[in-house]
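Participant: Going down the list, the sequences are from chains V and Y. Once you know that position 156 of the first sequence is 156 in our numbering, the rest is easy, because the numbers rise by one and skip nothing. Once you know that position 108 of the second sequence is 108 in our numbering, the rest is easy, because the numbers rise by one and skip nothing.
Some hints here could point you the wrong way.
Because identical chains share one entry, a pair is satisfied inside a single copy or across any pair of copies.
Said to hold, decoys possible - Quick list of in silico lysine-lysine cross-link-like pairs, BS3-like style, CA-CA up to 25 Å:
#  : residue 1 : residue 2
1  : Lys-27    : Lys-124
2  : Lys-83    : Lys-323
3  : Lys-127   : Lys-27
4  : Lys-127   : Lys-86
5  : Lys-86    : Lys-323
6  : Lys-27    : Lys-83
7  : Lys-50    : Lys-361
8  : Lys-84    : Lys-334
9  : Lys-384   : Lys-84
10 : Lys-341   : Lys-324
11 : Lys-384   : Lys-124
12 : Lys-323   : Lys-361
13 : Lys-324   : Lys-86
14 : Lys-84    : Lys-323
15 : Lys-32    : Lys-315
16 : Lys-27    : Lys-384
17 : Lys-222   : Lys-86
18 : Lys-83    : Lys-127
For the record, the hints were derived by calculation from the structure and aren't laboratory data.
Protein chains: 2
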Amino acid sequence: MFNFDLYLPTRLVFGKGRIDELPEITKSYGSKILLTYGGGSIKRSGIYDKIKELYKGAEIFELSGIEPNPRITSIRKGVEIAKKEKVDFILAVGGGSVLDASKNIAAGAFYDGDPWDLVLDASKIGKTLPLFSVLTLSATGSEYDNSGVITNEATHEKMPIFGNLWPVASICDPTYTFSVPANQTAAGAADIMSHTFESYIVNQGNTLTDGICEAMLRTVIKNAPVAIAEPDNYEARAELMMASSFGCCGLLNIGRESSPWVCHGLEHELSAFYDITHGVGLAILTPVWMRYSLNEHTAPRFANYGVNVFGLNPKDDVMSNAKKAIDLTADFFKKIGLPSKLSEVGIDDSHFEEMADHVRKIWFGDFKDAIRPLDREDLLNILKGAL
Amino acid sequence: MFNFDLYLPTRLVFGKGRIDELPEITKSYGSKILLTYGGGSIKRSGIYDKIKELYKGAEIFELSGIEPNPRITSIRKGVEIAKKEKVDFILAVGGGSVLDASKNIAAGAFYDGDPWDLVLDASKIGKTLPLFSVLTLSATGSEYDNSGVITNEATHEKMPIFGNLWPVASICDPTYTFSVPANQTAAGAADIMSHTFESYIVNQGNTLTDGICEAMLRTVIKNAPVAIAEPDNYEARAELMMASSFGCCGLLNIGRESSPWVCHGLEHELSAFYDITHGVGLAILTPVWMRYSLNEHTAPRFANYGVNVFGLNPKDDVMSNAKKAIDLTADFFKKIGLPSKLSEVGIDDSHFEEMADHVRKIWFGDFKDAIRPLDREDLLNILKGAL
Chain V
1 MFNFDLYLPT
11 RLVFGKGRID
21 ELPEITKSYG
31 SKILLTYGGG
41 SIKRSGIYDK
51 IKELYKGAEI
61 FELSGIEPNP
71 RITSIRKGVE
81 IAKKEKVDFI
91 LAVGGGSVLD
101 ASKNIAAGAF
111 YDGDPWDLVL
121 DASKIGKTLP
131 LFSVLTLSAT
141 GSEYDNSGVI
151 TNEATHEKMP
161 IFGNLWPVAS
171 ICDPTYTFSV
181 PANQTAAGAA
191 DIMSHTFESY
201 IVNQGNTLTD
211 GICEAMLRTV
221 IKNAPVAIAE
231 PDNYEARAEL
241 MMASSFGCCG
251 LLNIGRESSP
261 WVCHGLEHEL
271 SAFYDITHGV
281 GLAILTPVWM
291 RYSLNEHTAP
301 RFANYGVNVF
311 GLNPKDDVMS
321 NAKKAIDLTA
331 DFFKKIGLPS
341 KLSEVGIDDS
351 HFEEMADHVR
361 KIWFGDFKDA
371 IRPLDREDLL
381 NILKGAL
Chain Y
1 MFNFDLYLPT
11 RLVFGKGRID
21 ELPEITKSYG
31 SKILLTYGGG
41 SIKRSGIYDK
51 IKELYKGAEI
61 FELSGIEPNP
71 RITSIRKGVE
81 IAKKEKVDFI
91 LAVGGGSVLD
101 ASKNIAAGAF
111 YDGDPWDLVL
121 DASKIGKTLP
131 LFSVLTLSAT
141 GSEYDNSGVI
151 TNEATHEKMP
161 IFGNLWPVAS
171 ICDPTYTFSV
181 PANQTAAGAA
191 DIMSHTFESY
201 IVNQGNTLTD
211 GICEAMLRTV
221 IKNAPVAIAE
231 PDNYEARAEL
241 MMASSFGCCG
251 LLNIGRESSP
261 WVCHGLEHEL
271 SAFYDITHGV
281 GLAILTPVWM
291 RYSLNEHTAP
301 RFANYGVNVF
311 GLNPKDDVMS
321 NAKKAIDLTA
331 DFFKKIGLPS
341 KLSEVGIDDS
351 HFEEMADHVR
361 KIWFGDFKDA
371 IRPLDREDLL
381 NILKGAL
């Protein structure tokens with residue numbers, strides 16, 4: 001058992017119609033609001049009008065157009081508004097990208113320099129604006145954690161930001177994901193699963209969090225296909241939304257060996273260069289990484305996964321179960337409509353060398369801590385294996 | 001999926017030696033401390049001296065002798081010290097009873113009347129003293145929740161207190177439980193399991209928290225016998241301590257049908273009258289309650305438990321698996337040395353009528369919400385069945 005801290009100060013407010021409670025939840029924080037969102041979906045879905053109605057009388061400033069891989073240029077705009085208008089809090093409405101951007105804005109509002117500095121150096125994060133969220137996509141778990149991932153399009157860098165960035169409260173209404181299309185639902189499912197794999201596929205776990213990780217995986221594997229087939233199936237959407245919040249908050253890591261989150265590290269390189277959907281990149285990389293990491297030493301972890309998640313027979317050969325578990329993972333991603341090769345999303349090997357260098361510089365943890373230790377050559381092999 | 005709020009603001013600081021970080025964690029809260037504890041075990045174990053050393057220069061006031069079922073008389077003493085000395089925060093060192101009492105003291109310190117009022121009426125809880133804890137027993141989960149259970153020995157009442165009572169931070173060092181004797185280790189295990197059953201054995205769960213509950217149960221069933229056989233087995237003690245924190249914090253209930261926590265309600269009646277160990281009462285009542293609740297309608301839940309926790313064959317008959325699961329639960333409690341009948345702990349039926357009346361008045365939730373709805377007669381039958 002490894003030492004750990006667990007700190008989850010965000011209040012999750014989960015269920016249909018809970019947005020009505022938002023003005024009560026935010027009332028002690030002031031009435032000058034920076035509303036952040038992405039494209040027009042929150043207008044089509046009615047959430048935008050709902051918020052205007054709920055906050056009648058408040059001053060609402062808006063930052064719209066936050067990109068799926070949120071860019072520092074958008075964050076700079078948000079910081080400018082927050083500073084100029086002296087907003088009291090941020091209300092982020094969207095998925096992980098809107099939340100991630102809003103976290104950087106929350107910290108940037110009290111920082112004199114460029115908000116990208118805060119990505120490069122977390123120690124520069126001081127006071128932050130209170131952040132509230134209304135979640136519209138089940139994927140990154142940013143609604144329940146203290147981190148984000150920001151893209152600097154000028155330098156092709158996509159990097160994590162960490163700090164005192166927990167939302168105060170997140171409204172998680174599964175009905176807001178009814179309109180999420182199949183491909184985004186699938187990508188979100190892959191993201192939740194990848195968060196879980198990054199915690200779960202390590203040499204040393206423990207009974208409790210192994211079991212929690214397996215429950216996370218069973219939840220997504222059961223419900224993503226249902227949500228794709230029946231977009232307004234409340235139970236399926238709700239199970240995915242609940243799982244989303246636990247993927248990245250630290251609960252899955254407690255007491256376990258830490259891992260360098262190999263697929264996340266590599267995928268952020270891919271989407272920094274090609275702006276692909278994060279979950280799509282993860283679905284492509286994950287089975288390749290798993291196969292690359294499989295050996296006599298690591299097979300028991302993969303076999304356990306197969307037994308406890310896919311119901312493989314524990315009496316069967318360990319290596320055979322391990323291989324089956326990885327195949328079933330790849331099959332699942334295909335079944336929910338995700339691509340399995342980088343070539344399918346227009347990525348070739350032209351930036352692999354840069355990616356392998358960059359990820360080793362900026363990503364947290366040494367890739368030698370992965371379940372199969374990885375050097376630069378190994379990272380390149382995984383990328384090439386995904387072509 | 002049922003609507004829920006999840007709010008877990010306590011910082012868990014888990015692992016060997018983490019107590020050294022306590023002064024840093026508490027430093028912004030002041031230096032007048034109310035140290036609360038039970039008997040002499042924290043002196044024998046060296047934690048008392050350690051705290052004196054860590055807080056050299058601070059003013060430490062002490063409330064010792066907090067009872068296993070903490071009494072309002074102790075709490076009144078603590079409130080008196082807190083008010084008189086104007087302490088800055090409370091440092092609770094012990095198990096659930098010390099923590100529960102300290103929560104009542106934390107709220108009582110800013111309340112003009114008798115602290116028992118705060119048990120009877122949570123709306124009277126206002127400001128509270130910051131509370132920190134050092135856990136020495138894996139059982140109640142009070143280190144990571146906002147509630148406690150207080151005994152009024154004058155009226156034979158043992159009642160829950162709820163409110164803004166989360167510890168700011170809890171130090172969870174598994175080595176502090178090495179000296180916990182076998183019977184208390186077993187009783188703690190039964191308490192953790194009962195917290196889980198009270199959430200898990202309901203008509204409607206969900207994939208994720210069903211899985212988390214099953215992981216909790218597997219964790220305790222695997223590790224309690226090891227901790228009893230090898231009291232200083234760090235892994236086993238650590239797994240129990242980690243599970244303890246999640247038993248009562250709300251995580252196991254999210255999105256599930258709520259339950260009236262039948263065994264906890266009845267057990268608090270037993271220990272209000274007879275001052276028995278809470279976990280012992282739970283171990284006696286739980287299998288009786290399970291058998292009483294088993295019928296054609298509820299059998300699938302018990303059978304699932306058997307399959308996912310004890311590895312029963314899912315292809316076997318549902319009722320047969322359900323019965324086996326309950327028998328295995330009773331066997332497990334026996335195996336770790338817990339009594340299985342009230343008569344073994346000196347309890348007869350002389351107060352059953354009062355208990356059945358009282359619990360229906362004070363306990364949260366209507367017992368008609370239990371997996372098998374229970375009226376007064378049913379509660380009496382369960383108590384009699386446990387004789």
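Participant: Which hint numbers does the structure go against, in order from smallest to largest?
Facilitator: 2, 5, 7, 8, 9, 11, 12, 13, 14, 15, 16 and 17
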